[in-house]
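Based on the hints, put chain B in the right spot on chain A.
If you want the building blocks of each chain, they are given just below.
Protein chains: 2
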Amino acid sequence: MEETKKGLLIVVTGPAGSGKGTVLANIVNEGDCAYSVSATTRKPRPGEIDGVNYHFMSVEEFKEHIANNDFLEHAEYVGNHYGTLLSEINGKREKGIHVILELEVQGAANVKRLYPDAVLIWILPPDYATLEGRLRGRATETEEVIQKRMQTAIKELGSFDMFDYIVLNEDGKSYEASRALRAIITAEQHKVSRTDSFVKKFMSTKID
Amino acid sequence: MEETKKGLLIVVTGPAGSGKGTVLANIVNEGDCAYSVSATTRKPRPGEIDGVNYHFMSVEEFKEHIANNDFLEHAEYVGNHYGTLLSEINGKREKGIHVILELEVQGAANVKRLYPDAVLIWILPPDYATLEGRLRGRATETEEVIQKRMQTAIKELGSFDMFDYIVLNEDGKSYEASRALRAIITAEQHKVSRTDSFVKKFMSTKID
Numbered sequence: 001m002e003e004t005k006k007g008l009l010i011v012v013t014g015p016a017g018s019g020k021g022t023v024l025a026n027i028v029n030e031g032d033c034a035y036s037v038s039a040t041t042r043k044p045r046p047g048e049i050d051g052v053n054y055h056f057m058s059v060e061e062f063k064e065h066i067a068n069n070d071f072l073e074h075a076e077y078v079g080n081h082y083g084t085l086l087s088e089i090n091g092k093r094e095k096g097i098h099v100i101l102e103l104e105v106q107g108a109a110n111v112k113r114l115y116p117d118a119v120l121i122w123i124l125p126p127d128y129a130t131l132e133g134r135l136r137g138r139a140t141e142t143e144e145v146i147q148k149r150m151q152t153a154i155k156e157l158g159s160f161d162m163f164d165y166i167v168l169n170e171d172g173k174s175y176e177a178s179r180a181l182r183a184i185i186t187a188e189q190h191k192v193s194r195t196d197s198f199v200k201k202f203m204s205t206k207i208d
Numbered sequence: 001m002e003e004t005k006k007g008l009l010i011v012v013t014g015p016a017g018s019g020k021g022t023v024l025a026n027i028v029n030e031g032d033c034a035y036s037v038s039a040t041t042r043k044p045r046p047g048e049i050d051g052v053n054y055h056f057m058s059v060e061e062f063k064e065h066i067a068n069n070d071f072l073e074h075a076e077y078v079g080n081h082y083g084t085l086l087s088e089i090n091g092k093r094e095k096g097i098h099v100i101l102e103l104e105v106q107g108a109a110n111v112k113r114l115y116p117d118a119v120l121i122w123i124l125p126p127d128y129a130t131l132e133g134r135l136r137g138r139a140t141e142t143e144e145v146i147q148k149r150m151q152t153a154i155k156e157l158g159s160f161d162m163f164d165y166i167v168l169n170e171d172g173k174s175y176e177a178s179r180a181l182r183a184i185i186t187a188e189q190h191k192v193s194r195t196d197s198f199v200k201k202f203m204s205t206k207i208d
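These protein sequence lines map, in sequence, to chains A and B.
Be aware that the first sequence starts at 1, since it is given in our numbering, and climbs by one per residue.
Be aware that the second sequence starts at 1, since it is given in our numbering, and climbs by one per residue.
With the rest of the complex left out, here is chain A (with noise of 0.2 Å):
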């Protein structure tokens, strides 16, 4: 049933609070599917695998990568650095490979520009009680960044329809939106825009 063996890009997002993370994980265990793996200029901690975890790599061969614009993205966190490198992306998706990348809904609009046949989800907690409540959860936050948080979600809730699709995350039915994403990920290998060279392939059967 494959129209097209090349991997889709998925991008992602949502608010801290939306159990996204669960939801993924559901879907990258199935195998066809993989997280990009970022790379680093970061030393590896024990028990981090080379091309795994991260690329690891010197700050030289970083910069080097960013002066020959091998880069989706990337930034410094705490003097370090992190980037996507775009052969991660096409090198998994030329395998077959559906590409998952987590960003914000900032980094998403970078994806759509440089991708336009990324597929942008957007998973959100069921309402606005159970996402201030999943961000009150975490008690290691203090009351500004919770109400920080709000601000970014309710700010970002008016970008929505950039996004192709919308999953709600319910308490307790991670599994269902997980659901939702992997037939998502089948519907999006059946549009006809990804099968371009459907019908010249169709005729190319034909034996006169």
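Hints were generated in silico from the structure; no laboratory data involved.
Take the hints with a grain of salt, since some may be wrong.
One copy or two, it doesn't matter: identical chains are merged, so the pair holds either way.
[To be verified] For lysine-lysine, the following DSS-like pairs were computed, each having C-alpha atoms within a straight-line distance of at most 25 Å: (1) K6 x K201; (2) K6 x K191; (3) K112 x K191; (4) K155 x K92; (5) K191 x K5.
Since the model is a prediction, treat every value here as computed from it, not as a measurement.
The following block gives chain B in isolation, referenced to the frame of chain A:
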């Protein structure tokens, strides 16, 4: 996980030999999808139930519906009238049932004009040889009929970009095609374009 309660309008098109009947049967049996029940002036046959097999009506009633623009489409066939009532489609959709219409390419185009939110799915055999083989397999038909059907199918392939999705129905794998159809239905329910009022609803759950 329902972002919308309204049922989808699903138009399924496929050449003779695409096996769309088998693919749809699996879906309709799942309960939340139903064929549109046609109206007809033909007399009920033994065992046929009004409202299930057809909406049976008199010629006078049928003509009144025509005059009132109640039909999505109607046609006369061997002296009897057949038609799809808009009320049949809208009534089922309002109840949250996904309405399935099996139509030719031209009919699908007409529906898309009237219902821009309709989902157009094209079911096809995996390749040309299979299509021809399936048509030839119907031993009851003459070479002329088979050739005509092949020509129609080839001509219709030219309008493939009118459709939203293509699902290939491979020999002995109609369950896979049905699963793809089911995924398309689920994904479509999560489309941002179907959840216009979503942000408003989400924010209305905010308690100040």
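Outcome of the hint check:
When the C-alpha separation of K6 and K201 is checked against a cutoff of 25 Å, the pair qualifies only within one copy, where the shortest distance is 16 Å, while the shortest distance between copies is 37 Å. In this homomeric assembly, K6 and K191 come within 25 Å of each other (Cα to Cα) both inside a single copy, at 13 Å, and across copies, at 22 Å. Taking the closest pair of Cα atoms, K112 and K191 come within 25 Å of each other both inside a single copy (17 Å) and across two copies (16 Å). Taking the closest pair of Cα atoms, K155 and K92 never come within 25 Å of each other, the shortest separation being 33 Å inside a single copy and 37 Å across copies.
Within a single copy, K191 and K5 get their C-alpha atoms as close as 13 Å, and across copies as close as 24 Å, so both meet the 25 Å cut-off.
The structure shown violates just one earlier hint, number 4.
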